[in-house]
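Visitor: All chains, please: the whole structure from these sequences, using the hints.
Protein sequences, first through last, are from chains S and X.
Going by the numbering used here, the residue at position 147 of the first sequence is 147; the numbering climbs one at a time, nothing skipped.
Going by the numbering used here, the residue at position 21 of the second sequence is 21; the numbering climbs one at a time, nothing skipped.
It is possible that part of the hints are untrue.
[To be verified] Derived pair list, reagent style EDC-like, types lysine to aspartate or glutamate, alpha-carbon separation capped at 20 Å:
id : chain 1 : residue 1 : chain 2 : residue 2
1  : S       : Lys-409   : S       : Glu-467
2  : X       : Lys-95    : S       : Glu-141
3  : X       : Lys-95    : S       : Glu-110
4  : S       : Lys-219   : S       : Asp-337
5  : S       : Lys-392   : S       : Glu-110
6  : S       : Lys-219   : S       : Asp-335
If you are wondering where the hints come from, they were derived from the structure by calculation, not from laboratory data.
Everything numeric in this text was worked out from a predicted model, so none of it was measured.
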Amino acid sequence: MSAPTDRIETGGNVLYADVLVIGGSLAGAWAALSARSAGARVVLAEKGFVGTAGVVAAANCGGQHTIPDDPVTSDKVVHSRHEAALGLDDLEYARRVYDVTWVVGQKLAERGFVSSRGPGPAGRRLASFRGPYSLHFLRQELVKAGVVILDHSPALELLSRDGIVSGAQGTNRQTGEDWAVHAGAVILATGGNAFRSGAMGTNGLTGEGHLMAVEAGAKLAGMEFSGHYGIVPLNSATTKGFWYSSATFWDGNGKELARNGWESVPDVAQAILDTGRVWAQMNRGPENFEAGARQASPNMFLYFDRLGIDPVTQRFPVDLIYEGTVRATGGLVVDRDAHTGVPGLWAAGDVTERLRLTGASMSGAGPAISWCLASGEWAGEAAAGFAKERGKLVGSAKALGLAGIRSAKGRSPQVTSRFFARVAQEEIIPIGKNAFRTLPGIASSLAVLDQSWSDLRDGLQPTGARERVAAREAAALVQGARWIYRAAQVRTETRGLHRLREFPQQDPSQLDRIELSGIDGIAVTRVGCG
Amino acid sequence: MIEVLSRERCVACGACVRACPNEVFESTGGVPAVARQEDCHTCFLCELYCHEEALYVSPLATPHGEPLSFGTLVEQGLVGSYGRAVGWELGRPRKEKA
Numbered sequence: 001m002s003a004p005t006d007r008i009e010t011g012g013n014v015l016y017a018d019v020l021v022i023g024g025s026l027a028g029a030w031a032a033l034s035a036r037s038a039g040a041r042v043v044l045a046e047k048g049f050v051g052t053a054g055v056v057a058a059a060n061c062g063g064q065h066t067i068p069d070d071p072v073t074s075d076k077v078v079h080s081r082h083e084a085a086l087g088l089d090d091l092e093y094a095r096r097v098y099d100v101t102w103v104v105g106q107k108l109a110e111r112g113f114v115s116s117r118g119p120g121p122a123g124r125r126l127a128s129f130r131g132p133y134s135l136h137f138l139r140q141e142l143v144k145a146g147v148v149i150l151d152h153s154p155a156l157e158l159l160s161r162d163g164i165v166s167g168a169q170g171t172n173r174q175t176g177e178d179w180a181v182h183a184g185a186v187i188l189a190t191g192g193n194a195f196r197s198g199a200m201g202t203n204g205l206t207g208e209g210h211l212m213a214v215e216a217g218a219k220l221a222g223m224e225f226s227g228h229y230g231i232v233p234l235n236s237a238t239t240k241g242f243w244y245s246s247a248t249f250w251d252g253n254g255k256e257l258a259r260n261g262w263e264s265v266p267d268v269a270q271a272i273l274d275t276g277r278v279w280a281q282m283n284r285g286p287e288n289f290e291a292g293a294r295q296a297s298p299n300m301f302l303y304f305d306r307l308g309i310d311p312v313t314q315r316f317p318v319d320l321i322y323e324g325t326v327r328a329t330g331g332l333v334v335d336r337d338a339h340t341g342v343p344g345l346w347a348a349g350d351v352t353e354r355l356r357l358t359g360a361s362m363s364g365a366g367p368a369i370s371w372c373l374a375s376g377e378w379a380g381e382a383a384a385g386f387a388k389e390r391g392k393l394v395g396s397a398k399a400l401g402l403a404g405i406r407s408a409k410g411r412s413p414q415v416t417s418r419f420f421a422r423v424a425q426e427e428i429i430p431i432g433k434n435a436f437r438t439l440p441g442i443a444s445s446l447a448v449l450d451q452s453w454s455d456l457r458d459g460l461q462p463t464g465a466r467e468r469v470a471a472r473e474a475a476a477l478v479q480g481a482r483w484i485y486r487a488a489q490v491r492t493e494t495r496g497l498h499r500l501r502e503f504p505q506q507d508p509s510q511l512d513r514i515e516l517s518g519i520d521g522i523a524v525t526r527v528g529c530g
Numbered sequence: 001m002i003e004v005l006s007r008e009r010c011v012a013c014g015a016c017v018r019a020c021p022n023e024v025f026e027s028t029g030g031v032p033a034v035a036r037q038e039d040c041h042t043c044f045l046c047e048l049y050c051h052e053e054a055l056y057v058s059p060l061a062t063p064h065g066e067p068l069s070f071g072t073l074v075e076q077g078l079v080g081s082y083g084r085a086v087g088w089e090l091g092r093p094r095k096e097k098a
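Guide: See the structure below:
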């Protein structure tokens with residue numbers, strides 16, 4: 001049976017649609033289904049494979065939502081991250097997100113989605129995602145709905161017509177063939193930027209969405225709240241930090257650390273810097289801890305089972321892996337409809353800022369999943385409406401990408417993508433530079449990164465599909481690090497995921513948002529003081 | 001990180017080439033090649049999508065160096081263990097009631 005795509009026009013590798021979604025993990029898949037439900041012809045382009053790409057597919061995670069006839073539970077959900085947000089969240093906005101997550105949960109259930117059975121009354125947990133199953137399910141729904149899926153097809157740059165974003169073009173990493181999608185509206189759902197740190201599921205999350213959007217004129221916010229590192233068993237990629245709230249930690253000298261769980265991340269980081277190694281043992285859980293943890297996070301136990309470690313009775317070495325803007329709060333500024341402010345361009349999921357939900361702290365788990373669904377729902381509806389009103393595309397398409405695509409001064413053989421990616425990683429990944437920041441350290445990193453930026457912008461002009469993707473990724477990695485440190489430099493305090501050694505306390509006069517715009521010259525604006 | 005592709009079990013269906021989000025595998029016409037092990041982010045998802053249980057992903061994020069014995073891993077019950085834990089078989093999620 002062929003799917004009813006409503007005539008996506010194709011000619012070679014050129015497609016015409018109403019809405020193009022870039023990125024096919026949870027937010028992008030739901031945005032595509034939402035736009036399709038609103039009557040749009042939709043193309044979904046994913047760098048990897050829709051079903052395995054992104055952090056959700058690699059993990060199990062539960063979204064949270066309000067329940068219409070249960071105000072007590074609903075209030076608890078809305079306030080769940082309020083204290084941790086440290087004054088930068090917006091409870092009215094959070095309620096709106098969690099209300100819509102309930103609605104999306106109903107829609108998922110109607111489609112036949114089986115939410116994993118967690119604690120709580122039956123039918124009251126609608127958005128619990130066993131990652132591999134969930135993304136497999138959504139792929140089937142996309143196919144049934146007639147969304148055209150382009151797998152292994154990273155977008156390299158946006159296209160615009162008369163100042164309105166009108167599609168994108170990219171390449172296929174397997175066939176080497178270029179593609180272009182001309183569309184009345186574009187939704188970016190490319191995820192956060194984990195800087196190729198090796199964290200579970202994040203290899204494809206290198207920040208091109210941020211770069212493409214800012215090239216088109218979008219803004220970023222909250223990029224300084226990006227000093228988060230996931231706790232992992234040594235040399236594992238599996239960042240399931242929740243279970244470490246049932247752990248005890250010891251430093252390299254055998255001295256017990258004061259805190260457990262996510263709150264221990266700065267202590268673990270300091271202990272690694274001071275004593276070289278940290279150990280953990282999951283010995284503080286309830287009676288049925290292991291059975292519950294195995295059911296909820298089977299991927300974490302692959303490490304223990306395959307290496308023959310019993311994490312409940314044995315101490316094992318742990319490490320920290322940088323998670324960039326993935327489990328943090330920084331990203332593209334969007335309005336209440338998930339619009340970026342750039343005509344024709346919406347954004348959903350981790351690529352956007354999540355300050356209003358979780359403020360200065362982690363967006364991970366519950367809020368991030370809810371946000372993927374809510375922002376996907378809004379972006380899909382709004383983009384479909386915009387494309388419908390816009391009608392047939394007129395004017396000629398202009399490509400918006402520069403760095404890593406069109407070099408200002410021509411190809412320089414000394415300049416390689418791999419080199420620049422490593423420069424960005426060396427400035428942003430080490431805990432000594434980024435878990436704890438210092439003003440001289442930030443200035444020194446920025447000097448290196450600014451130089452790299454101008455070198456790659458002027459010299460990098462790759463050929464061949466894989467090299468062109470790598471060049472764009474390298475540009476996004478360097479630029480992502482520049483954005484993070486430019487924001488971090490002006491927030492002269494410590495708050496949540498931004499820790500500045502010289503200013504170890506919160507400053508009540510800095511309850512504002514730091515917004516960034518621009519590529520070569522980065523403009524920094526402090527917006528609204530609470 | 002992907003460590004073993006069993007040539008005995010592989011039927012060259014290309015499911016791993018298709019499913020890997022990082023293009024770690026490459027089509028060769030026959031048994032796929034593990035062409036870019038360094039790009040593997042240890043998500044274990046290729047194990048699920050392989051309906052022959054011909055793949056083994058080590059839980060370590062860096063290469064082992066020495067080759068692992070697939071036969072020993074099978075004996076230890078480690079091949080396909082992720083699929084059993086998350087309810088997958090034959091390359092897809094087991095059907096269950098809503």
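Visitor: Give a verdict on every hint.
Guide: The hints, checked one at a time:
1. Restraint check: the Cα-Cα separation between Lys-409(S) and Glu-467(S) comes to about 19 Å, which is no more than 20 Å; the hinted pair holds.
2. A distance of roughly 15 Å separates the Cα atoms of Lys-95(X) and Glu-141(S); the hinted pair therefore holds under the 20 Å criterion.
3. For the proposed pair Lys-95(X) and Glu-110(S), the alpha carbon gap of about 16 Å is at most 20 Å, so the pair holds.
4. Using a Cα cut-off of 20 Å, the hinted pair Lys-219(S) and Asp-337(S) holds, with the two alpha carbons roughly 16 Å apart.
5. For the hint pairing Lys-392(S) with Glu-110(S), the CA-to-CA distance comes to about 33 Å; that exceeds 20 Å, so the pair is violated.
6. Distance hint between Lys-219(S) and Asp-335(S) is fulfilled; the C-alpha atoms sit about 11 Å from each other, no more than 20 Å.
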